[in-house]
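**Q** Produce the complete structure using the sequences and hints provided.
2 protein chains.
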Amino acid sequence: MTIKDIARECGVSVSTVSRVLNNHPDVSEAVRRKVLSAVEERGYIPNNSARDLVRSRSDAVGVVVRGTGNLFFSAMIKTISRQLEQRGYTMVLHFLDSDADEVKAGAILEREKKLRGLIFLGGRFDYTSAELALVGVPYVCCSYTNVFGSLDEGEYSSVSIDDHETARRAVEYLIRLGHRRIAALVPSVDDHSISELRYDGYLSALIDSGLEPDPALLEETGGCFEMPETYEGMCRLLGRTRDFTALFVLSDTTAIAAMKALEDHGLHVPEDVSVIAIDGLNVSEYVTPTLTTMVQPAEEMGRESVRILAEMLETGQTRHVRLEATLREGASVRSV
Amino acid sequence: MTIKDIARECGVSVSTVSRVLNNHPDVSEAVRRKVLSAVEERGYIPNNSARDLVRSRSDAVGVVVRGTGNLFFSAMIKTISRQLEQRGYTMVLHFLDSDADEVKAGAILEREKKLRGLIFLGGRFDYTSAELALVGVPYVCCSYTNVFGSLDEGEYSSVSIDDHETARRAVEYLIRLGHRRIAALVPSVDDHSISELRYDGYLSALIDSGLEPDPALLEETGGCFEMPETYEGMCRLLGRTRDFTALFVLSDTTAIAAMKALEDHGLHVPEDVSVIAIDGLNVSEYVTPTLTTMVQPAEEMGRESVRILAEMLETGQTRHVRLEATLREGASVRSV
Numbered sequence: 002m003t004i005k006d007i008a009r010e011c012g013v014s015v016s017t018v019s020r021v022l023n024n025h026p027d028v029s030e031a032v033r034r035k036v037l038s039a040v041e042e043r044g045y046i047p048n049n050s051a052r053d054l055v056r057s058r059s060d061a062v063g064v065v066v067r068g069t070g071n072l073f074f075s076a077m078i079k080t081i082s083r084q085l086e087q088r089g090y091t092m093v094l095h096f097l098d099s100d101a102d103e104v105k106a107g108a109i110l111e112r113e114k115k116l117r118g119l120i121f122l123g124g125r126f127d128y129t130s131a132e133l134a135l136v137g138v139p140y141v142c143c144s145y146t147n148v149f150g151s152l153d154e155g156e157y158s159s160v161s162i163d164d165h166e167t168a169r170r171a172v173e174y175l176i177r178l179g180h181r182r183i184a185a186l187v188p189s190v191d192d193h194s195i196s197e198l199r200y201d202g203y204l205s206a207l208i209d210s211g212l213e214p215d216p217a218l219l220e221e222t223g224g225c226f227e228m229p230e231t232y233e234g235m236c237r238l239l240g241r242t243r244d245f246t247a248l249f250v251l252s253d254t255t256a257i258a259a260m261k262a263l264e265d266h267g268l269h270v271p272e273d274v275s276v277i278a279i280d281g282l283n284v285s286e287y288v289t290p291t292l293t294t295m296v297q298p299a300e301e302m303g304r305e306s307v308r309i310l311a312e313m314l315e316t317g318q319t320r321h322v323r324l325e326a327t328l329r330e331g332a333s334v335r336s337v
Numbered sequence: 002m003t004i005k006d007i008a009r010e011c012g013v014s015v016s017t018v019s020r021v022l023n024n025h026p027d028v029s030e031a032v033r034r035k036v037l038s039a040v041e042e043r044g045y046i047p048n049n050s051a052r053d054l055v056r057s058r059s060d061a062v063g064v065v066v067r068g069t070g071n072l073f074f075s076a077m078i079k080t081i082s083r084q085l086e087q088r089g090y091t092m093v094l095h096f097l098d099s100d101a102d103e104v105k106a107g108a109i110l111e112r113e114k115k116l117r118g119l120i121f122l123g124g125r126f127d128y129t130s131a132e133l134a135l136v137g138v139p140y141v142c143c144s145y146t147n148v149f150g151s152l153d154e155g156e157y158s159s160v161s162i163d164d165h166e167t168a169r170r171a172v173e174y175l176i177r178l179g180h181r182r183i184a185a186l187v188p189s190v191d192d193h194s195i196s197e198l199r200y201d202g203y204l205s206a207l208i209d210s211g212l213e214p215d216p217a218l219l220e221e222t223g224g225c226f227e228m229p230e231t232y233e234g235m236c237r238l239l240g241r242t243r244d245f246t247a248l249f250v251l252s253d254t255t256a257i258a259a260m261k262a263l264e265d266h267g268l269h270v271p272e273d274v275s276v277i278a279i280d281g282l283n284v285s286e287y288v289t290p291t292l293t294t295m296v297q298p299a300e301e302m303g304r305e306s307v308r309i310l311a312e313m314l315e316t317g318q319t320r321h322v323r324l325e326a327t328l329r330e331g332a333s334v335r336s337v
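If you read the sequences in order, they're chains A and B.
Remember, the numbering used here sits 1 above the position in the first sequence when you count from 1.
Remember, the numbering used here sits 1 above the position in the second sequence when you count from 1.
Keep in mind that a hint or two might mislead.
The list makes no distinction among identical chains, and a pair is therefore deemed to hold if it is satisfied within one copy or across any two copies.
Said to hold, decoys possible - Computed cross-link-like contacts, DSS-like style, restricted to lysine-lysine with a CA-CA straight-line distance of at most 25 Å:
1. Lys114 / Lys79
2. Lys115 / Lys79
3. Lys5 / Lys35
4. Lys115 / Lys105
By construction, these hints were calculated from the structure, which means they are not laboratory data.
**A** Laid out in structure tokens, this is it:
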């Protein structure tokens, strides 16, 4: 089956078939439909090798993912994959171990796969310009920013929510509902990453409302938003004190693990403890009780990352986009 | 920073540095450590372009994923990605819409990305040899087989659990605990895919135990294991009858959605209804009640798929691997 067979069958020229396949506008709708239905029927697959030979540059874009247990990134990878495909790029996906250096991993990937650009999903972002000199292609930091680093805004692009502000809003919501003793479960308070930013947001909310942060109500879990570590961290916190009415957790899956630990200790959510998180996964709408969470616009973040990277590749222009997280009220929070 | 700088710094020859970087065995451990620590310290990245030029064939392997909401595949993609990387392949990931034709999508991807091989994660597998002739490279069907098709075993490879048998064992477990009225929630009873196979396993278990399958206890949800469709299907079933003590659901996430529908109708799991599923996701250990489920060995399935594909590329040898699912008892099932 060749393009000539399709042209013969439809009674049009080969160049007309080619124009249809390449989405040129100068073809009548009737001819367009006829050609596409013949292509569909015969299972004809256009041979792009000639076009590929002309295109000398690689079309590969690396996507480096931190935190393999992170379901939030799973959703985003799908969007990024589709968006890259639509723009003619090939996604080269690389999963990092929690403690790996994403800049070095990205730089190695860049050389091995001859990447044109990189998207980092999550990262410890206190790198300096010198360290980042390893990366020789444009890159977008998705879901985090270089807030701790010494990078100039013009050196990179980013797409994220305002982590500090989103955490502050979540905790303020608990305070508005009457909670005063609010515990927090965080991977790390000083990891130079979103964990630190969100913890700072929690502190700001307390302090701005005249509440004294109590060190006994804070538990660091370590790791990278994994459920087992979070469950254990919650158990340690409960072993120390039960003198709190609400809990702030940094992600949906870790909130689900924390709720499990609460239930296993005979504490009911939200009757005994209210729980709020950040992410907005689908599965959080189906756990019992439904999780109250600040929804990150995952699809939009993925779409924007690809759009901005494509723009950087064409024009060299960097961009920093902040998207809004929105509260999704579930049944895991009550007023006291 | 070049290989010469590293050699000079370590006081060894360039070829010694090269041997260390290429994992040759004929280097002393002391020299090896010295070189690697210099490489690490200086952030030196080996330039593989010469090697790449010699390698004339593409190293791309396509992974076509059916069902974008399927968390089971999310876990497997990570394993497959790492295994492909370790063997020097590049993973080209493609997510299908539920109703898309995976063979055509795979064939298009093969030509566009010059793939050397394909791994299909999930699929409607009643294609014929003629239809599959579109695919011009070796491929592995992961998590399903061509049981409905007319393919010869030598034409393709597969890695999966025995879906019929796993479903039968799950339902037999419920029967052993005294359940007689066992409802089932399935995407489709005749989709020529794992949904049909698992439904047949449910029927076998009932019939082999002398129980009459009751059509009122079966609900088809349509779709591809999505949570909203499953939740609605469960509501329809509950609108018709509550005369059952147990429920068999085909995947973990859909079981979580079904448990939510039960709770929302005032039915408690497992006091009023026992629930069992197939998959074994991490998150299922943290929902309340913990889900009882048949655990598919996801990592092993991913590893085996890559191993078998690599073998096919080298020797042309096809293989069919059946792995065992194991029961993980949670708190969602009780005896009656």
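**Q** State for each hint whether it applies.
**A** For each hint, the structure was consulted:
1. Lys114 / Lys79: Both: 21 Å inside a chain and 18 Å across chains, each within 25 Å.
2. Lys115 / Lys79: both (22 Å within a copy, 22 Å between copies)
3. Lys5 / Lys35: within (15 Å within a copy, 62 Å between copies)
4. Lys115 / Lys105: within (15 Å within a copy, 28 Å between copies)
Of the numbered hints listed earlier, not one is contradicted by the structure.
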